[in-house]
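Here the protein sequences line up with chains D and Z, keeping their order.
In terms of our numbering, the first sequence opens at residue 10 and continues consecutively.
In terms of our numbering, the second sequence opens at residue 10 and continues consecutively.
Heads up, a few of these hints could be off.
Since the list gives no way to pick out one identical chain from another, each pair is judged satisfied if it fits inside one copy or across any two copies.
[To be verified] Subject to a maximum C-alpha distance of 25 Å in a straight line, what follows is the list of computed DMTMM-like cross-link-like pairs (lysine to aspartate or glutamate):
1. 87 - 38
2. 87 - 134
3. 146 - 388
4. 391 - 71
5. 146 - 13
6. 107 - 13
Since the hints were derived computationally from the structure, they do not count as laboratory data.
2 protein chains.
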Amino acid sequence: MVSEKMYALGAQPSAIRDLYEYGLRKAAEVGEENVYDFTLGNPSIPAPPEVNLSILQHITQDPSIAVHGYTPGAGDPKCRAAIADDLNARFGTEYSLKDIFITCGAAPAITATLAALCMDGETNEVIVNAPFFPEYKVFANNSGAELIILPADEEAFQINFPALEAAISNNTRAVMVNSPNNPCGVAYSEETIKHLANILAKRSAELGHTIYIVCDEPYRELYFGEGAVPFIPNYYSNTIVCYSYSKSLSLPGERIGYVLVPPVAADSRNIYLAVAGAARSMGHVCAPSLMQKMVTDCATVRPDIEVYKKNAAYLQEEMSRIGYRTAHPDGAFYFFFKAPFGLTAKEFSDMARDEYNVLLVPGGTFGCPDWLRLSFCCETEKLERVMPYLEKLYKEAEK
Amino acid sequence: MVSEKMYALGAQPSAIRDLYEYGLRKAAEVGEENVYDFTLGNPSIPAPPEVNLSILQHITQDPSIAVHGYTPGAGDPKCRAAIADDLNARFGTEYSLKDIFITCGAAPAITATLAALCMDGETNEVIVNAPFFPEYKVFANNSGAELIILPADEEAFQINFPALEAAISNNTRAVMVNSPNNPCGVAYSEETIKHLANILAKRSAELGHTIYIVCDEPYRELYFGEGAVPFIPNYYSNTIVCYSYSKSLSLPGERIGYVLVPPVAADSRNIYLAVAGAARSMGHVCAPSLMQKMVTDCATVRPDIEVYKKNAAYLQEEMSRIGYRTAHPDGAFYFFFKAPFGLTAKEFSDMARDEYNVLLVPGGTFGCPDWLRLSFCCETEKLERVMPYLEKLYKEAEK
């Protein structure tokens, strides 16, 4: 007698986790240096030195109760103000602490936001363009929404606009945007964002209800493409931002992020309160207090992403030289490439695993069953060592 | 256009928070020493020294990625093993890391547990005896259950068994137990727990489905009554424990706790997986990784609760001497007393606030509208200073 829905979510096998665990077992057998695990998106660069310095200062100098005590549910006002100030300085906005709700990372930020936007007892739909982070489906479903998946634009990995236009309905509450994208590393261009904003503004007016953009932005600071990543609230006012410091400060285990509800968004105060209510209903009390102190100190700290940039360039050059069809990453730490010669990604992934202990995530789970994700949050040397195997695999696939 | 349910939860005024904020405003006006705020359950003793020592060691000696990286969703295996070992050493149990799921504190532990136990699409009921922590209602509702509240036993603050027997039905999924209790500080006796176990075993058999006990145990280590607090899984095998280190290690802001699903509980593996699935659906990724390292080191550390014990004894003696009817706290840091001479708790709380800046939480929100909660997580000296006012208030109420 347990909830079948929750049991299914807990018991569901995960392709990524299964591959990762295979890698651990195999490494014990044949040695770590002979297993090429590119499955997980765990940052490989250490947290910037300011992070541990801040933690040390608070632990050694502040009273225990001030460091480890409850903060308000929305977060320590100083931390919220520091985040708003940083955004304002970079993006010319006028946010205040009242617009920021601090969460235990991006995942609960997204669940609370979607729950806030979905109408009780109605049919709710949230649209996402493939490829997409698969947990969005879990989060949408938990909020009472169906996730509508648009087929990928396999040329440029921008938005499939004809499919988007066809998918928008009276039930559409939000479009999820994740740029730079997990799993393909591509960022949406300014042109794409403008076109998206135009469509949503037009359709919101026609339908008589606001369609929001919900941005999942953990990779905002991990961008090495041309120019700057467009800050979406500046193109479409009805945008709610879900942010995480997991990748930008290299601390994915610490669970610290936020929801930004810009005051110019339609119904912004009500949405903010509904986000707070949704978070509360899921057991949010506050985000970890020590990490809030750290973010207060480190809100303006940016990561050193040289190694990610170098890895992306190396993979792009080598994989193209071999003949692979690839996405061109602008950010994050994911390289997305197509299984060659008509193989499915699953077939190619199995081949790579079984022949050379090379672990690559097949893209079915991301909505692209012919593509594979290689997480390049690692030393470049590991990529250089695996490249001969990727070349051999290409030639074998050709046969 | 927002979820009305979530908006209501976020916008709902909170008697406790309102009083607390009144206190802050008043303190700015008349001086902190002239405001007697007893509203919040924020521990007043610092975290044991082992806590910050552990944090310092990991920050200064471990690689950044090892300290701040993702852990498995269920938690770092070492941390889970340390928790199981500590429980086994104290309670003679045989738990293993597979029985422990680490969460961001007790609140998400409870929401995930209730969501795991509630049947999709059925009427679900969770029973709690007043007085009770008011968020249980929010958590139960979010899991699709109604919270059935049993009237308080205002004599001994044990369980109202006739009401319990009448309330159990085919829809009953669980009975919530919080002992030592917030807000009354009383712990259930061994006799109470045995009687509860007998009733639930009998009724589960009659109804043909298991009724679980869900224990919320943040105050387990804050016990100063006679003997030891009964460890409920040793009296009723179908018990699921939700624990938090907030109070026992004085770090409520850090969000670290766990769900224990004992292997002897009916359907235990399925419940464990359903807890994992429910947590995932609410955006749980892992509990804060640095705090997991700390708990691994500090699983056997107990708080020094001398000041709480002393405060409880002082309040018990003085408040009884004045003439108040009181609960007799065995643990936690809450003193519960009845508004005298037929006043409602709200009337008495308003009087105390308006005349002497004494802030006490009226018990309506806990299911006891005639009783008040005084949080004594403070220096004894503050209690000594407020006592003349509590004596005056008693005499004024008599008029």
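Right, here's what the structure says about each hint:
1. When the C-alpha separation of residue 87 and residue 38 is checked against a cutoff of 25 Å, the pair qualifies only between copies, where the shortest distance is 22 Å, while the shortest distance within a copy is 50 Å.
2. Taking the shortest alpha-carbon separations for residue 87 and residue 134, neither the intra-copy value of 36 Å nor the inter-copy value of 41 Å comes in at or below 25 Å.
3. Taking the closest pair of Cα atoms, residue 146 and residue 388 never come within 25 Å of each other, the shortest separation being 32 Å inside a single copy and 50 Å across copies.
4. Taking identical chains as interchangeable, the C-alpha atoms of residue 391 and residue 71 lie at most 25 Å apart only when they sit on different chains, with a minimum of 23 Å there against 42 Å within one chain.
5. Taking identical chains as interchangeable, the C-alpha atoms of residue 146 and residue 13 lie at most 25 Å apart whether they share a chain (17 Å) or sit on different chains (22 Å).
6. In this assembly of identical chains, the alpha carbons of residue 107 and residue 13 lie at most 25 Å apart only when taken from different copies (20 Å versus 39 Å within one copy).
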